[in-house]
Amino acid sequence: MPDHGPVSGGDVLLRAQGLDCGYAGRAVLTGVELTLRAGDRVAVLGPNGGGKTTLFRTLLGELDPLGGTLALHERCAVVPQTERSRLDFPVSATDVAVMGAVSRLPWWRRPSRADRRLAREALGQVGLSEHADRTFGDLSGGQRQRVLVARALVQDAPIVLLDEPFTGLDAVSAEQLERLLLSLADGGRGLLIATHDVEQARRWGTVLCLNKRQIAFGGADVLTRGVLEATYGGEIVNVDCAVHGGHPVVLPAHHHEH
Amino acid sequence: MSLALLHWLTDPWAEALTRRALLEVVLLGVSGGALGCWLLFFNLAYSAESLAHALLPGLVGAALLGLPLLLGGAAGLLVAAVAVAVAGRIPGLDRDTAVAVVVTGLFGLGVLLALSPDTPAGLQGLLFGDVLGVSDGDLLLASGLVLVVLVGLSLAHTRLLVVGFDRLSAPGLGVRPLAVDVTLLVLLAAALLVAVQGLGNLLVVAVLMAPASTARLVTRRMGPMMLASGLIAVGSAAGGLYLSFYAGTAAGASIAGMLVAVYVVIAAGGGAAGALRRALTRPATA
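Protein chains in written order, with the working numbering: chain A, 805 to 1062; chain B, 9 to 294.
It is possible that some hints are incorrect.
Short, incomplete list of chain A residues facing chain B, as computed with Cβ under 7 Å [stated by the list, open to error]:
1) 827
2) 864
3) 866
4) 882
5) 891
6) 912
7) 914
8) 917
9) 929
Anything over 10 Å on all C-beta distances counts as not near chain B; from chain A, calculated [unchecked claim]:
10) 828
11) 894
12) 896
13) 945
14) 971
15) 982
16) 991
17) 1029
Keep in mind that the hints were calculated from the coordinates and are not lab data. What you are looking at is a predicted structure, and each value in this text was computed from that prediction instead of being measured. Think of the CB as a built atom: it goes at the ideal place given N, C-alpha and C, for glycine as much as any other residue.
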């Protein structure tokens, strides 16, 4: 499979070669060939159950690689789906953001005043300064997603994994989040972003297509109809669009429990 | 303050017996109130009730053998935990059912033992507590419990927040959910063992769950919620003892009733206030 390489020429943050991922010795994703550099925004495409979450958990060190090699040169932070967190939990946006500091603390220590300052700065970076003291569950979906991005900023990891961050966001929130992700990449971070939006993936420049095995990795031009069909199975339909003409569209993903 | 009211307030505490009972329920209220907030958010209410009921045979066994109740309770908890773990693995039996069967079985066994002619009188004390009969040892244990629970919760606070907020992404933040769960369950076991002697097998859950549920209605952050829960627990416990003194009701049951009554009043008040607010802000329709 031709490797079109990443669009940027930054430092290599992680490299996977022939990586197999899975649980309890059973691989659910095989043959991942991936290089992530500083400044990359890699769209991770694939159906639910295609191995996106398993890949993320392997990169986070929660699962051991079952085969191949994984060279992680930097630490990973994860931005989970906001619907997974408890909305009735009695925490403020700052309380959530400061959770990113926990991994640096010994078990008996609580986040310091400096850590809380860091959390507030991160909330400022994602445009939520004025909401820092609001209850997390009272924020909109887009705001909650940005709080979780702020938490990843507090973790200060050069690699950020985002699990379908655009799910359920309205157009304005999605645009805000997209700008934020661009600024993170421009700041030298490498992002792996799980998404179902093929057009978005084309814009970001680098795509990783997964369906129980790696289908493709490279520039937007690898997204041929064949690759999309192999990635999504039969879930592709042609849509006639008044502006863009006919183009393949991935049917909306059904959400399952992870 | 009129002299009569002052007397009304101080009369119950004229005897050492009731003063000791008050101290015991204050200590149990502080630890139960604070711990309950986390049990609530970790969905451990059912576990707390199950474990409390399932340790009865241990308590009765200790009473039969003349051993310390604490020892019997600990053994009972251990047996219950193992039995639940084993029953949970029976194919075709879902977890809640397995727990219900084990707990009812153990509770029944405890009652059976307690009704045997060899058992010293006092099943009632084990089931409903004997807060007016607390010993110096009980008070010492309850003080130790406050210390252990408050220090434990304080040390684990941040990690409890991380896991309670989103268990699945906790490992990505460097927090192991299992370690946090075990910490919380150990604190729960300690609280049950100590509190069950004062409040009894059936009523101990009230002091763990009711104040936290009430505090949740009136607070928006974990710290204030734990503080409110502790205060509600202590206030209700004292109120329960007043009720017991003046109405001649059983102390443990009065405390449990008071804890639940406070919840009902505040929940109803909150509901009424919300309805009133909506009615007032609703635009007038012709």
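Evaluation of the provided hints:
no., hint, result
1, 827, "violated, 14 Å"
2, 864, "holds, 5 Å"
3, 866, "holds, 5 Å"
4, 882, "holds, 4 Å"
5, 891, "violated, 10 Å"
6, 912, "holds, 5 Å"
7, 914, "holds, 5 Å"
8, 917, "violated, 14 Å"
9, 929, "violated, 19 Å"
10, 828, "holds, 16 Å"
11, 894, "violated, 5 Å"
12, 896, "violated, 7 Å"
13, 945, "holds, 15 Å"
14, 971, "holds, 15 Å"
15, 982, "holds, 22 Å"
16, 991, "holds, 21 Å"
17, 1029, "holds, 35 Å"
In the structure shown, a violation is registered for the earlier hints numbered 1, 5, 8, 9, 11 and 12, in ascending order.
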